[in-house]
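2 protein chains.
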Amino acid sequence: PEWFNHPKKDWDRPFEQRVDDGYTYFEWSHSPGHRTPNNAYFQWLHQKGMKPEQWAENRPSGHSDHVYHGPDSERHQARFCVDKAIEFIELHAAFGTAEPWVFSVNPFDPHPSYNPPRDYLERYLPMVDEIPLPAWEEGELDRKPAYQKERYESGKAHSTLGWSDRDKRLVKAAYWAMCDHLDAQVGRLLEALERSGQRENTLVIFTSDHGDLLGDHGKTVKGPYLYEGALRVPLVLHFPGVLPAGRRISDLVELTDLAPTLLDYCGLPKDPSMQGRSLRPLIEGPHDGPWREDVYAEYYNSNPDHPPLWRGRVRTRAHKLVAVHGSDEGELYDLGADPGECRNLWDDPAHRDLKERLCRRLAARQVHAAADPLPPRVGVF
Amino acid sequence: PEWFNHPKKDWDRPFEQRVDDGYTYFEWSHSPGHRTPNNAYFQWLHQKGMKPEQWAENRPSGHSDHVYHGPDSERHQARFCVDKAIEFIELHAAFGTAEPWVFSVNPFDPHPSYNPPRDYLERYLPMVDEIPLPAWEEGELDRKPAYQKERYESGKAHSTLGWSDRDKRLVKAAYWAMCDHLDAQVGRLLEALERSGQRENTLVIFTSDHGDLLGDHGKTVKGPYLYEGALRVPLVLHFPGVLPAGRRISDLVELTDLAPTLLDYCGLPKDPSMQGRSLRPLIEGPHDGPWREDVYAEYYNSNPDHPPLWRGRVRTRAHKLVAVHGSDEGELYDLGADPGECRNLWDDPAHRDLKERLCRRLAARQVHAAADPLPPRVGVF
Chain A
1 PEWFNHPKKD
11 WDRPFEQRVD
21 DGYTYFEWSH
31 SPGHRTPNNA
41 YFQWLHQKGM
51 KPEQWAENRP
61 SGHSDHVYHG
71 PDSERHQARF
81 CVDKAIEFIE
91 LHAAFGTAEP
101 WVFSVNPFDP
111 HPSYNPPRDY
121 LERYLPMVDE
131 IPLPAWEEGE
141 LDRKPAYQKE
151 RYESGKAHST
161 LGWSDRDKRL
171 VKAAYWAMCD
181 HLDAQVGRLL
191 EALERSGQRE
201 NTLVIFTSDH
211 GDLLGDHGKT
221 VKGPYLYEGA
231 LRVPLVLHFP
241 GVLPAGRRIS
251 DLVELTDLAP
261 TLLDYCGLPK
271 DPSMQGRSLR
281 PLIEGPHDGP
291 WREDVYAEYY
301 NSNPDHPPLW
311 RGRVRTRAHK
321 LVAVHGSDEG
331 ELYDLGADPG
341 ECRNLWDDPA
351 HRDLKERLCR
361 RLAARQVHAA
371 ADPLPPRVGV
381 F
Chain B
382 PEWFNHPKKD
392 WDRPFEQRVD
402 DGYTYFEWSH
412 SPGHRTPNNA
422 YFQWLHQKGM
432 KPEQWAENRP
442 SGHSDHVYHG
452 PDSERHQARF
462 CVDKAIEFIE
472 LHAAFGTAEP
482 WVFSVNPFDP
492 HPSYNPPRDY
502 LERYLPMVDE
512 IPLPAWEEGE
522 LDRKPAYQKE
532 RYESGKAHST
542 LGWSDRDKRL
552 VKAAYWAMCD
562 HLDAQVGRLL
572 EALERSGQRE
582 NTLVIFTSDH
592 GDLLGDHGKT
602 VKGPYLYEGA
612 LRVPLVLHFP
622 GVLPAGRRIS
632 DLVELTDLAP
642 TLLDYCGLPK
652 DPSMQGRSLR
662 PLIEGPHDGP
672 WREDVYAEYY
682 NSNPDHPPLW
692 RGRVRTRAHK
702 LVAVHGSDEG
712 ELYDLGADPG
722 ECRNLWDDPA
732 HRDLKERLCR
742 RLAARQVHAA
752 ADPLPPRVGV
762 F
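Chains as they are written, first to last, in the numbering used here: chain A, 1 to 381; chain B, 382 to 762.
Any given hint might turn out to be false.
Claimed, not checked - Just the calculated beta-carbon pair ranges, DEER-fashion:
(1) B:Gln579 - A:His210: 32 to 38 Å
(2) B:Val602 - A:Val102: 47 to 53 Å
(3) B:Asp715 - A:His210: 41 to 47 Å
(4) B:Asn582 - A:Asn38: 50 to 56 Å
(5) B:Met655 - A:Ala350: 40 to 46 Å
(6) B:Arg499 - A:Gly22: 55 to 61 Å
(7) A:Ala350 - B:Pro689: 34 to 40 Å
(8) B:Asp652 - A:Leu263: 45 to 51 Å
(9) A:Asp20 - B:His473: 51 to 57 Å
(10) B:Lys651 - A:Ala350: 40 to 46 Å
(11) A:His210 - B:Ala527: 49 to 55 Å
(12) B:Ser577 - A:Leu263: 43 to 49 Å
Derived by calculation from the structure, the hints in this document are not laboratory data.
Every residue gets a Cβ at the ideal spot worked out from N, C-alpha and C, and that includes glycine.
Just chain A, same shape as in the assembly:
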């Protein structure tokens, strides 16, 4: 199958072929750069009498070359997403049907470009100098997989080479401003549930598909690295009267746990091909010992600009290992002593045992994560 139908970096054409994911209806958009009449965000702008082209561009912020003024909130892609969701919620209530529903809202922000609505950015300007600088120790890239230093020193996209401290702080401010804007939009969505009488019987999950390095280790955005700043995401579950309000849980969990959790709360069985486990016992627990011994992530050549080596990461509560498969390179961190992941212990003879144990743990996780989903074995061969 051809999942992609466009030449590399031809941003002006749509490139995602829909796969059948079980949704009966969807609205499609991507970042404002994708100019096509199929883009439902542009249709929404058009219906509001706005010009899509006008909002496809970032305007210089005047504060840093790396921070822009993006579309105002009224015209923002995040607002478009939430407006569509609210429309769904209200129509459902108006029809008065008892049919259960599920939907997924996927605003593009927070994400580079670092281009929050201007007023959201400006709230941070008085305190920019108080923003902590990214994780960085002089010379740290000398002890990490060589590609990280090469990429950093190339100064190409996502390298922070030559950035001033103020640039680095302003990018964080812009990212936080995008989070604030998204927070306001999520608030509108919860209000719509409340207004339509559906808040009490709706499980809301707030999460993300990735974070952002925001300058840690001389880099912005995410892959092909597997730093915690890119991998750790928020996870908030809200279900009044069912889930305990305000409870914080610090156990290790994975995004793979979400589908089994949803099925569990719906009283539906988990598909045997699902790798995760329902969080319901963790949420309603007590439970003995750690909920998960480790969490797993993988990077499989998702971008033709990246080197072709696949990478795997396993972390326990205390340690983390990243293997660059097919090479002798990798990363090993003591997250207690070095939560910023600046001191790579991969080649440290004193940590050889830990490296070996975590490598076997990685192999054990990935063999289950990557294998074809199989039905339960009942036969003898």
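Using the hints, position chain B against chain A.
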């Protein structure tokens, strides 16, 4: 999907649902125990006026409790397979079509029960005492994954506990006799190609899906262990005028290489989801350095009687590692000093570096072997 439609060990019902593997026609049989009118072997016996039931049983050989007299060659499942193949070859020649064809012949032998045709077994009886005993060093199972010793000491199926040396030698003799019988059948197949004028333009590949431990380490048959006796199989390619006759190649190869090799000799492109690489450059070589650095195998819970832990094996020319995923157990062998794999170095501090390197090699191989086949990346996300 339900791939199996029978209760565990209900041998009297068919249990394999056909999957679409691209073949336009097939004849199905399994070992003689599967009594069903769908069994094409039984249909073949019936057409010859023989009683299927009569040949479903092994008769005591009188030499060892573990060795039987199986069906005579005239009624043998291997002969049935080859007869069907010869029928195909001759019909193809009779039709005189230039259409290319491919088929796969899969006799059940050599395989337990150890039940060759009586006359094939008897050739070995005068030399039984010269047959080498299986690989075994006293106490070796104390340093291997615990399941191996438990299973051995249980005396259950496939354990050689309590076998005499003569039992062990006779089982090898019976296995070799089955190989001899199969060799004769393959000869008939090559003669049919010759007779019908198709031998010169037919690539014949002789191989197997597994070997047999034949008593090595106190066990017969194969899984869930990953010893070389179970994993190493013959591989003979025959293509007169195209492949050099009589050449022996000792490089490491995998069964995954066969499909790309066939496609290569047919002038067809390799599917990107195929893990193997065409052997054509190796066959037509010379090439620099080792053809493959390592070969990979996996065991993923193929039998509900086995413990549920998955296992992975990687071997280089000199060494071999088996990880029991999700446990601290495993195996590490120096194949130069210990080709019989009796001395497990897994917990030997002097081999910690080797263990760590091979474990990373295993992870690198399995992550590519087990991942969903993906089309080549052309897009940027």
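*Indices of hints not satisfied (ascending)*: 1, 8, 9, 11, 12
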